[in-house]
Amino acid sequence: MAKSIKIRAKEKKGVVTVKCLISHPMETGLRKNKKTGKLIPAHFIQDVVAKHNDKEVLTAQWSGGVSKNPYLAFKFSGGSKGDTITIAWTDNKGQSDSKSAKIK
Amino acid sequence: MNTDMKRRVFLKGSLAAGTVGVAVSAGLLAPQAVLAAWPEKAFQAKNAQDALSGAFGSGQTEASDKIKIKAPDIAENGAVVPVTVKTDIPGVESIAILASANNSPLVALFNLSRNTKADVSTRIKMGKTGDVVAVVKAGGKLYANRKGVKVTVGGCGG
Numbered sequence: 005m006a007k008s009i010k011i012r013a014k015e016k017k018g019v020v021t022v023k024c025l026i027s028h029p030m031e032t033g034l035r036k037n038k039k040t041g042k043l044i045p046a047h048f049i050q051d052v053v054a055k056h057n058d059k060e061v062l063t064a065q066w067s068g069g070v071s072k073n074p075y076l077a078f079k080f081s082g083g084s085k086g087d088t089i090t091i092a093w094t095d096n097k098g099q100s101d102s103k104s105a106k107i108k
Numbered sequence: 335m336n337t338d339m340k341r342r343v344f345l346k347g348s349l350a351a352g353t354v355g356v357a358v359s360a361g362l363l364a365p366q367a368v369l370a371a372w373p374e375k376a377f378q379a380k381n382a383q384d385a386l387s388g389a390f391g392s393g394q395t396e397a398s399d400k401i402k403i404k405a406p407d408i409a410e411n412g413a414v415v416p417v418t419v420k421t422d423i424p425g426v427e428s429i430a431i432l433a434s435a436n437n438s439p440l441v442a443l444f445n446l447s448r449n450t451k452a453d454v455s456t457r458i459k460m461g462k463t464g465d466v467v468a469v470v471k472a473g474g475k476l477y478a479n480r481k482g483v484k485v486t487v488g489g490c491g492g
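Chains R and Z supply the protein sequences, listed in that same order.
Okay, so the first sequence: first residue is 5 according to the working numbering, each after it adds one.
Okay, so the second sequence: first residue is 335 according to the working numbering, each after it adds one.
Do not rely on the hints blindly, as some may be mistaken.
Calculated lysine to aspartate or glutamate pairs in the EDC-like style (CA-CA distance at most 20 Å, straight line) [as the list claims (entries may be wrong)]:
#1 R:LYS42 x R:GLU31
#2 Z:LYS451 x Z:ASP422
#3 Z:LYS475 x Z:ASP407
#4 R:LYS39 x R:ASP87
#5 Z:LYS475 x Z:GLU410
#6 Z:LYS451 x R:ASP87
#7 R:LYS97 x Z:GLU374
#8 Z:LYS402 x Z:ASP465
#9 R:LYS103 x R:GLU15
#10 Z:LYS420 x R:GLU15
#11 R:LYS38 x R:ASP87
#12 R:LYS59 x Z:GLU427
#13 Z:LYS402 x Z:GLU427
#14 R:LYS17 x Z:ASP422
#15 Z:LYS451 x R:ASP58
#16 R:LYS55 x Z:ASP407
#17 Z:LYS481 x Z:ASP422
#18 Z:LYS462 x R:GLU31
#19 R:LYS38 x R:GLU60
#20 Z:LYS404 x Z:ASP422
#21 Z:LYS400 x Z:ASP422
#22 Z:LYS481 x Z:ASP407
#23 Z:LYS481 x Z:ASP465
#24 Z:LYS375 x R:GLU31
#25 Z:LYS451 x R:GLU15
#26 Z:LYS380 x R:GLU31
#27 R:LYS108 x R:GLU31
#28 R:LYS36 x R:ASP87
#29 R:LYS55 x R:GLU15
#30 Z:LYS484 x Z:ASP422
#31 R:LYS10 x R:ASP58
#32 R:LYS103 x R:GLU60
#33 R:LYS108 x R:GLU15
#34 R:LYS85 x R:GLU31
#35 Z:LYS451 x R:GLU60
#36 Z:LYS451 x Z:GLU427
#37 Z:LYS402 x Z:GLU374
#38 R:LYS72 x Z:GLU410
No lab work stands behind these hints: they were computed from the structure.
In isolation and in its complexed conformation, chain R is listed as follows (with noise of 0.2 Å):
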């Protein structure tokens, strides 16, 4: 599960850009399966938090209104290059996945 998590993190000036991206279906629950006719089961990302060397800067609640692999950027001051940055995330199956990049 490790790799679901993709992680571009750059300081520039003092402020550092957070690009990810998460593969993850993002089901809604409403979408059926063509062939069956039956409900496609919701599976999607339900919070989503990013730190800064273990101190959070941004946390996410989402529904499955997000988009299938989502992508997330954000932005914060106060980094500085070789910083560590965490994203994880849990979905609404309780699975979870996190991953570690240093900012360059």
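Dock chain Z against the given chain R, drawing on the hints supplied.
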């Protein structure tokens, strides 16, 4: 260091294999913020007003053009609509993104720390043509702005 790292990866992998392990590692990896209740009511609300009351405790918003929403005028694929919300209102605590025409309008809620800039981007699904609404909470007040996005399904322009 290197073998240690590998061992950690291995440990993590084997933990994640069992369902109990998933719960445990979820607990380990995700402290308070994740354990904070996911506002189910807000996300299941059928209209924007209820969604906002569920998320912020109030549906009262003040229109503000200080909130900049970057989204396409015409989205060719409603399943992937890139949205950026940016504002220079000081002291932003949280940002909510809503797609007003969706079945359950509240799409995403972001809580920012003090150092985090009010500038978040993500991609959302839109069932049909409607407004993307960004609600910003700053200093205990709610500000909102909206932008119309036309969704053309399987469209050749529109």
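Verification of the hints:
1. R:LYS42 x R:GLU31: holds, 13 Å
2. Z:LYS451 x Z:ASP422: holds, 9 Å
3. Z:LYS475 x Z:ASP407: violated, 28 Å
4. R:LYS39 x R:ASP87: violated, 49 Å
5. Z:LYS475 x Z:GLU410: violated, 35 Å
6. Z:LYS451 x R:ASP87: holds, 18 Å
7. R:LYS97 x Z:GLU374: holds, 14 Å
8. Z:LYS402 x Z:ASP465: holds, 14 Å
9. R:LYS103 x R:GLU15: Given pair R:LYS103, R:GLU15 holds - Cα atoms ~19 Å apart, limit 20 Å.
10. Z:LYS420 x R:GLU15: holds, 19 Å
11. R:LYS38 x R:ASP87: violated, 47 Å
12. R:LYS59 x Z:GLU427: holds, 16 Å
13. Z:LYS402 x Z:GLU427: Judged against 20 Å, a Cα distance of about 16 Å means the pair holds.
14. R:LYS17 x Z:ASP422: holds, 18 Å
15. Z:LYS451 x R:ASP58: Holds, at about 18 Å.
16. R:LYS55 x Z:ASP407: violated, 33 Å
17. Z:LYS481 x Z:ASP422: holds, 18 Å
18. Z:LYS462 x R:GLU31: The hint holds at about 17 Å.
19. R:LYS38 x R:GLU60: Measuring from Cα to Cα gives roughly 41 Å; hence the hint is violated.
20. Z:LYS404 x Z:ASP422: Holds. Z:LYS404 to Z:ASP422 sits at ~14 Å (cutoff 20 Å).
21. Z:LYS400 x Z:ASP422: holds, 6 Å
22. Z:LYS481 x Z:ASP407: Given pair Z:LYS481, Z:ASP407 holds - Cα atoms ~8 Å apart, limit 20 Å.
23. Z:LYS481 x Z:ASP465: holds, 5 Å
24. Z:LYS375 x R:GLU31: holds, 19 Å
25. Z:LYS451 x R:GLU15: The given pair, whose Cα atoms are some 14 Å apart, holds under the 20 Å limit.
26. Z:LYS380 x R:GLU31: With a Cα-Cα distance of about 18 Å, the restraint between Z:LYS380 and R:GLU31 holds, given a limit of 20 Å.
27. R:LYS108 x R:GLU31: violated, 33 Å
28. R:LYS36 x R:ASP87: violated, 44 Å
29. R:LYS55 x R:GLU15: holds, 15 Å
30. Z:LYS484 x Z:ASP422: It is violated: about 27 Å lies between the C-alpha atoms, which goes past 20 Å.
31. R:LYS10 x R:ASP58: holds, 18 Å
32. R:LYS103 x R:GLU60: holds, 14 Å
33. R:LYS108 x R:GLU15: Holds, because 6 Å separates the two Cα atoms, which is no more than 20 Å.
34. R:LYS85 x R:GLU31: It is violated: about 36 Å lies between the C-alpha atoms, which goes past 20 Å.
35. Z:LYS451 x R:GLU60: Given that 20 Å is the threshold and the Cα spacing comes to 13 Å, the pair holds.
36. Z:LYS451 x Z:GLU427: Roughly 10 Å between the alpha carbons, so the hint for Z:LYS451 and Z:GLU427 holds.
37. Z:LYS402 x Z:GLU374: Answer violated: Z:LYS402 to Z:GLU374 is near 27 Å, above 20 Å.
38. R:LYS72 x Z:GLU410: holds, 16 Å
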